[in-house]
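From first to last, the protein sequence lines are chains A and B. Start counting the first sequence at 1; every next residue gets the next number (my numbering). Start counting the second sequence at 1; every next residue gets the next number (my numbering).
There could be a bad hint or two in this list.
[To be verified] Straight line, CA to CA, 30 Å or less: simulated DSS-like cross-link-like pairs of lysine-lysine:
1) A:Lys33 x B:Lys296
2) B:Lys296 x A:Lys188
3) A:Lys273 x A:Lys33
If you're looking for bench data, these hints aren't it; they were derived computationally from the structure.
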Amino acid sequence: MQLFLEQLTNGLAVGGIYALIALGYTMVYGVLKLINFAHGDLFTIGAFFGLTLLLSLGLTSHIGPVAGIIVLVLMVMGLVALIGALLERVAYRPLRTSPRLSAVVSALGASIFFQNAIMLIYGARFRVYPHDLLPTTTVSLLGVSIPVMRIVLFGASLVMMAGLYYFVQRTKTGTAIRAAAIDQGAAKLMGIDVNRVIMYVFLIGPALGGAAGVMVGMYYGQINFTMGWVYGLKAFTAAILGGIGNIPGAMLGGLLLGVIEAMGATYISLAWKDAISFMVLILILIFRPTGLLGERVADKV
Amino acid sequence: MKPATIINVLVVAALLVAPYWLNAYWVDVLNSIGIYAVLALSLNVILGYAGLFHMGHAAFFAVGTYTTAILNTQFGIPVLWLMPLSGLTAGFFALLVARPIIHLRGDYLLIVTIGIVEIVRIALVNNVFGITGGSNGIFGINRPELFGYVIRTPHDFYYLIFGFAAITVLLFLRLENSRFGRALNYIREDDVAAEGSGIDAAHYKLVAFILGAFWAGMAGTIFAAKMTIVSPQSFTFWESVVMFTIVILGGSGNIRGVLLGAFLIVGLPEVFREFAGARMLVFGAAMILMMIFRPKGILPAQPRTYNLDFLAGSRGGGK
Numbered sequence: 001m002q003l004f005l006e007q008l009t010n011g012l013a014v015g016g017i018y019a020l021i022a023l024g025y026t027m028v029y030g031v032l033k034l035i036n037f038a039h040g041d042l043f044t045i046g047a048f049f050g051l052t053l054l055l056s057l058g059l060t061s062h063i064g065p066v067a068g069i070i071v072l073v074l075m076v077m078g079l080v081a082l083i084g085a086l087l088e089r090v091a092y093r094p095l096r097t098s099p100r101l102s103a104v105v106s107a108l109g110a111s112i113f114f115q116n117a118i119m120l121i122y123g124a125r126f127r128v129y130p131h132d133l134l135p136t137t138t139v140s141l142l143g144v145s146i147p148v149m150r151i152v153l154f155g156a157s158l159v160m161m162a163g164l165y166y167f168v169q170r171t172k173t174g175t176a177i178r179a180a181a182i183d184q185g186a187a188k189l190m191g192i193d194v195n196r197v198i199m200y201v202f203l204i205g206p207a208l209g210g211a212a213g214v215m216v217g218m219y220y221g222q223i224n225f226t227m228g229w230v231y232g233l234k235a236f237t238a239a240i241l242g243g244i245g246n247i248p249g250a251m252l253g254g255l256l257l258g259v260i261e262a263m264g265a266t267y268i269s270l271a272w273k274d275a276i277s278f279m280v281l282i283l284i285l286i287f288r289p290t291g292l293l294g295e296r297v298a299d300k301v
Numbered sequence: 001m002k003p004a005t006i007i008n009v010l011v012v013a014a015l016l017v018a019p020y021w022l023n024a025y026w027v028d029v030l031n032s033i034g035i036y037a038v039l040a041l042s043l044n045v046i047l048g049y050a051g052l053f054h055m056g057h058a059a060f061f062a063v064g065t066y067t068t069a070i071l072n073t074q075f076g077i078p079v080l081w082l083m084p085l086s087g088l089t090a091g092f093f094a095l096l097v098a099r100p101i102i103h104l105r106g107d108y109l110l111i112v113t114i115g116i117v118e119i120v121r122i123a124l125v126n127n128v129f130g131i132t133g134g135s136n137g138i139f140g141i142n143r144p145e146l147f148g149y150v151i152r153t154p155h156d157f158y159y160l161i162f163g164f165a166a167i168t169v170l171l172f173l174r175l176e177n178s179r180f181g182r183a184l185n186y187i188r189e190d191d192v193a194a195e196g197s198g199i200d201a202a203h204y205k206l207v208a209f210i211l212g213a214f215w216a217g218m219a220g221t222i223f224a225a226k227m228t229i230v231s232p233q234s235f236t237f238w239e240s241v242v243m244f245t246i247v248i249l250g251g252s253g254n255i256r257g258v259l260l261g262a263f264l265i266v267g268l269p270e271v272f273r274e275f276a277g278a279r280m281l282v283f284g285a286a287m288i289l290m291m292i293f294r295p296k297g298i299l300p301a302q303p304r305t306y307n308l309d310f311l312a313g314s315r316g317g318g319k
């Protein structure tokens, strides 16, 4: 029971991170029907940019650890959002009317470009996050000691997801995004600037992905230029698990996948951890292709 | 002679004499290009002809390669004898995995096939059934022998690989114009309409998958023989991406385009090897630019046209 609860909290913390990345996939897919293979690399950029800021600005010592990390994450989100919007402008917008697979190859090209750019700038070896950022203490809950770090990470991803949900459901821009996801042509006729909507999607998704990158750096302590694609693939699995194009689905799918993976690693086999996620993916697609919460967007693939 | 025929003759002549001019290193690069060309041609049956978004071809390649490696090192069966068997194993594997997913559309299929290639790689790393040698792989694969001649040097392999590639090209050219090939094209353009006119789309898609996998499995035999060591690192998702990119960037559905794609995608990074890390950066950017300027690939497939004028006569005048 103790092990179970321990793994549950671990799974939820990692799942929150998956969910944040999954949101970027699901929003882009919802509006553009494009699998943004470079999204995982935007996440890596977030992790590395966070490391640079941590080492160079010393924010945590100037304005306190909590405020420092919040400012840091916001800065990372801003930068990664800009790169995301630039990516859309350069690599995806010219291909919007092209065959679907050319956009996929463009996305793969962008992924290769980002990965090698990070490698050239930061080197190929693992880089280490400072380990004294967050308190290493634990709290006791139901007889299980849970690291504070996990609670902070899980809380932070919940806050960001709630913020996004509010934005998409309640604001004018959010409504425009949802309209464009249902039918771009009709949205255009209703006076929605679809290019602008797509730009917002490519600002928000990467921003959340960048934040997730910093969170992974803080949680695991180690980052590497290739880490983006494993996380990207997991997050995409999460998006499909919940129902691609569906924002609450991506949140649920991320948390669920994190827990499934943690449990699989504990009770089945650590070596097969990644394979378990992909088997879940395949089973979901075979038996319920629209995901757990169903696809909000009509499937016109 | 048509210009296209002249180009064909020149390319074939250049390929025949190339090894006499090049050192072992560059012949080896050509050999890699040849193997990727065969793999991409086999993927083209699934992706280009049938229009199935398949990004997990490395999984079938891996099954074929490991079949050869295991049977050769365990039972000493001569490598080239294992070619049909490796093809069949890969084809059977394709039947098993493709059967339940063949009905998935577009991107869903793309994602599932990525999942499959990852599961296969993890299975190989974890030494599944205790026969794959884990992350070290399998070494000590015998040199292939052809009529008592041991194929050893890159120059020897060149003729084996390009001979196989030539057979592949000739067979797939025939396939393109066969009843089967035309049915696949019809399914690619509109599978609902194809079903409507009596084509069993699911069946044809499955056969395309198995045929592509069979051919990738045979390529695996040659790969195993050339490397003499096989390990899971050769069958990552990125290998699938390379094959996928060759087909789409060269010109999906067009054999000439796929061959050109193999030369560009596998060959160019070798040419710029001295620029180390930056070359892959440029490579990624080039992929984006190529897609922007030639979204259907460098040599897009020519739409098939039929001359139906003869029908007009029988109806007394036509339009």
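Comparing the hints with the structure gives:
1. Distance hint between lysine 33 (chain A) and lysine 296 (chain B) is fulfilled; the C-alpha atoms sit about 18 Å from each other, no more than 30 Å.
2. Taken as a hint, the lysine 296 (chain B) and lysine 188 (chain A) pair is honoured in the structure, with Cα atoms around 27 Å apart against an allowance of 30 Å.
3. Restraint check for lysine 273 (chain A) and lysine 33 (chain A): satisfied, since their Cα atoms lie roughly 29 Å apart, inside the 30 Å limit.
Violated hints: none; the structure is consistent with every hint.
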